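Student: With the hints as constraints, model all of the structure from the sequences given.
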Amino acid sequence: MDILYLLIPLSLVLVFAIGAVFWWAVNHKQFDDLEDQGQRIVDDLDG
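Residue numbering for the sequence shown follows the numbering used here, starting at 26 and increasing by one per position.
Simulated from the structure, these hints should not be mistaken for laboratory data. Computed from a prediction, not measured in an experiment: that's the story for all the values here. Think of the CB as a built atom: it goes at the ideal place given N, C-alpha and C, for glycine as much as any other residue.
Derived DEER-like restraints, expressed as beta-carbon distance ranges:
id : residue 1 : residue 2 : range
1  : Leu29     : Asp58     : 41 to 51 Å
2  : Ile28     : Trp48     : 22 to 32 Å
3  : Gly44     : Arg65     : 26 to 36 Å
Tutor: See below:
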């Protein structure tokens, strides 16, 4: 049971860190144009 005193705060820190990275990505418009990147790869292979 003593390990829970380590694992619970560690998991909360990890969740907040992942949330902060996701928040940063959304605010910096990293997810705005997902289709263009995939199409650009296909266009480069054709020609």
